[in-house]
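Colleague: Sequence:
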Amino acid sequence: MKLPLLRPLWLGLGSAAGPPDAAPEPAKPSLPAAWLLLHALFCATSMAVGFRFSRLIVYLLFLPTPPINPAAHLVSLVSPPAVVLAGGNATAMGTITTTTTTTTTVTTTTTVAAEISARPQHHHHHGPVFVGRHPIRVRAWPHPNPSELLDAHRILAAVQNAQRSAKRRGAGPARPVIAVTPTTTSALQVPSLTSLAHTLRLVDAQLVWIVVEPGHRTDAVAAVLSRSNLDFLHITGPGDSTASLRMHALREIRAKRMDGIVVFADENSILRTELFDEAQKVTTVGAVPVGILGEDDGTSESFLQAPSCDAEGKLVGYHVSEETVLPANRSDMLMASRLEWAGFVVNARALWEDTKERPLWVRDLSAIDDADARAASPLALVTDAGRVEPLASCAQAALAWSLRSDSLHEVKFPHE
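Just so you know, the sequence shown maps onto residues 1 to 416 in the UniProt record's numbering.
Please keep in mind that the hints were generated in silico from the structure rather than gathered at the bench.
Certain hints may be false.
[Unchecked claim] Pairwise CB distance ranges, derived in the manner of DEER restraints:
1. Leu293 <-> Pro238: 23 to 33 Å
2. Ser393 <-> His216: 35 to 45 Å
3. Ile368 <-> Asn145: 15 to 25 Å
4. Asp364 <-> Gln206: 19 to 29 Å
5. Pro238 <-> Ile155: 22 to 32 Å
6. Leu156 <-> His216: 40 to 50 Å
Where a beta carbon is used, it is the ideal one built from N, C-alpha and C, also for glycine.
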């Protein structure tokens, strides 16, 4: 197939071989002129719409002015300077080595030094960086000071923890927490108190730890309290039983008119942080689910001590064993059962003497006899067990665990 533009050329070449008496034809464009015209057309089209030619022209015409010191600029882009701070001034050193290999090897080393003042420089300006023919803009680091960045992360973590805690316990500021721990001398006294101290340090509220010992204060307990970094009250009480020591701590709260939520953190208890969030919802006296682990009279047991509620969420009884649910109106049977104090929380204002916030169904602490066996039950604080508030929506998930084992207190191990 012959192009129309070249067809006259072919016709001109073919006329030379025709008969000699043929009529002469008009002059046609010569071969060099046609090729030059075609070449110019393709060049113009390529320069108009081509990418490589247009980018090359833009790159050559609008190339930014190179820096005054190309070596220093190259060092700042390729090799970040190492900063050594000493006293009031510092020196930034950067070294770049360029090696060119031909028949001989030539090594060029350029060293850049700059004096930097002791005051931190927060704004660093770099010229444009080119990757091939494309300029890349270098933005300043938004947090040049690492300590400021860590402070920002701590603030964000604190805000997130406060939001999670507020979501669990409801809106409003957290009320203070008063943790009551009666303790007696045993081999597991120091490990148990140390474990409780670590748990109480995680409480997201103002907390006061009341530790009651019989007779006199021991150095072992005082050492644990001093290392806990908590606000504590180390007191002594009459009697050797944990029931009498616990009642003495409650009377101390009434005498000092301490305000907050009373949580019972016994030595044999393991508490979850969710327990303190649920305790913020109590009005007077509340009950939470507690898992019971261990032995009772030589028999292994494991069940959930929890309030029993009806369909409307109202308290109707208590789970006192795996298969036994005692009704709330049978106070005599409930007082005889072994209920754990870790499953109850009390508003400290309900313990105050001559206060309007203490309802009639809450007993006065002065009317409770510590020698009575019923004083060991948390329901000794109330006259009507049906008025206790069920917390955690009567959920069947333990917020605390209680270890029952008489053999744990029989272990002999010297404190020293």
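Colleague: For every hint, state whether the structure bears it out.
Modeller: Hint check results:
no., hint, verdict
1, Leu293 <-> Pro238: 23 to 33 Å, "31 Å, holds"
2, Ser393 <-> His216: 35 to 45 Å, "44 Å, holds"
3, Ile368 <-> Asn145: 15 to 25 Å, "60 Å, violated"
4, Asp364 <-> Gln206: 19 to 29 Å, "27 Å, holds"
5, Pro238 <-> Ile155: 22 to 32 Å, "48 Å, violated"
6, Leu156 <-> His216: 40 to 50 Å, "47 Å, holds"
Hints 3, 5 from the earlier list are contradicted by this structure; the remaining hints agree with it.
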